[in-house]
Amino acid sequence: MTLVISTIGQGLLWGILALGLYLSFRILNFPDMTVEGTFPFGAAVCVTALIHGASPLLATLFSFIAGMITGAVTGLLYTKGRIPILLAGILTMTGVYSVNLRILGKANVGLLNHATLLTNAFFNKLPANFPTIILGLIFAIVIVVLLSLFLNTDLGQAFIATGDNEKMARSLGINTDNMKILGLMVSNGLIGLAGGLLAQNGGYADVNMGIGTMVIGLAAIIIGEVVYGNLSLTGRLVAVVIGSILYRLVLLLVLQLGFSTNDFKLISAIILAICLMLPLFQEKFNVRKLLKRGVKKP
318 MTLVISTIGQ GLLWGILALG LYLSFRILNF PDMTVEGTFP FGAAVCVTAL IHGASPLLAT
378 LFSFIAGMIT GAVTGLLYTK GRIPILLAGI LTMTGVYSVN LRILGKANVG LLNHATLLTN
438 AFFNKLPANF PTIILGLIFA IVIVVLLSLF LNTDLGQAFI ATGDNEKMAR SLGINTDNMK
498 ILGLMVSNGL IGLAGGLLAQ NGGYADVNMG IGTMVIGLAA IIIGEVVYGN LSLTGRLVAV
558 VIGSILYRLV LLLVLQLGFS TNDFKLISAI ILAICLMLPL FQEKFNVRKL LKRGVKKP
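Residue numbers for the sequence shown follow our numbering, beginning at 318 and rising by one.
No lab work stands behind these hints, which were simulated from the structure alone. Using N, Cα and C, we set each Cβ at its ideal position, and we do this for glycine too. Among the hints, erroneous ones may be present.
Here are the simulated distance ranges between beta carbons [as the list claims (entries may be wrong)]:
(1) ILE591 to LEU548: 16 to 24 Å
(2) ASN441 to LEU463: 23 to 31 Å
(3) ALA438 to LEU597: 50 to 58 Å
(4) ALA586 to SER549: 28 to 36 Å
(5) LEU595 to ILE382: 15 to 23 Å
(6) PRO401 to LEU443: 43 to 51 Å
(7) LEU597 to LEU572: 23 to 31 Å
All chains, please: the whole structure from these sequences, using the hints.
This is the structure:
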């Protein structure tokens, strides 16, 4: 039971990363590779700030700002530098790796004996692993509410229109370049925030902790969409967070079946591939049902 509670807490925190990725991947229709650099960047900035005496809340805010900076760099490279989408993200991700080493001073830095958001008096009274769930719930709820409110404003609708049909958005007088930069800043800000929160939860920051994070975020998005199907915009945001929890529970189940933690990246890739192919399986299943009923495929 303790493992399940811990996994749910982890899923909520990873859900924040998935929400950030959802903005760029689904709404903006932007395959942003910056994610794997932004996540450890947010963690590195947060941990370094805590070590130098910053309050946990301020350090967490710094991780969000750090993520926004990487998003702005990628957005400017793409919109102003006319660098292809994927390459712009890869360039930023590669450059941030060296920045992370500069910030941390070495590959791995721990938070032993340093205060975090999880070490306050209230959380210390709770049973083991419950602080992570409470912290994750607070941030997830606040972020879902704020994103829902933002996406229903005129600016948010312009952002959505840019992702849906860029040419039409331009014809309506929307500055699509600015929308892309804004979207990438908010998206990577949330990813950096997730990095800071997970670094505080895990007690360390590592320059290599971003490897595979894009797969984790995409898996959460796809699982949420597959499980819940057609939903309102707010419902989709909630489904992404739930998808993140379900994904972590699947990994826990795999671990309980005797697989090594060294296989997690491979298992993550397999789970994502299966989820991406589910619509195809569903279509084939429906076709077979029709054939059994004697209905010809159109």
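For each hint, the structure was consulted:
1. ILE591 to LEU548: 16 to 24 Å: For LEU548 against ILE591, whose Cβ atoms are near 21 Å apart, the range 16 to 24 Å holds.
2. ASN441 to LEU463: 23 to 31 Å: 28 Å, holds
3. ALA438 to LEU597: 50 to 58 Å: Since the Cβ atoms of ALA438 and LEU597 sit about 52 Å apart, the hinted range of 50 to 58 Å holds.
4. ALA586 to SER549: 28 to 36 Å: 31 Å, holds
5. LEU595 to ILE382: 15 to 23 Å: At roughly 37 Å between Cβ atoms, ILE382 and LEU595 fall outside 15 to 23 Å, so the hint is violated.
6. PRO401 to LEU443: 43 to 51 Å: 48 Å, holds
7. LEU597 to LEU572: 23 to 31 Å: 28 Å, holds
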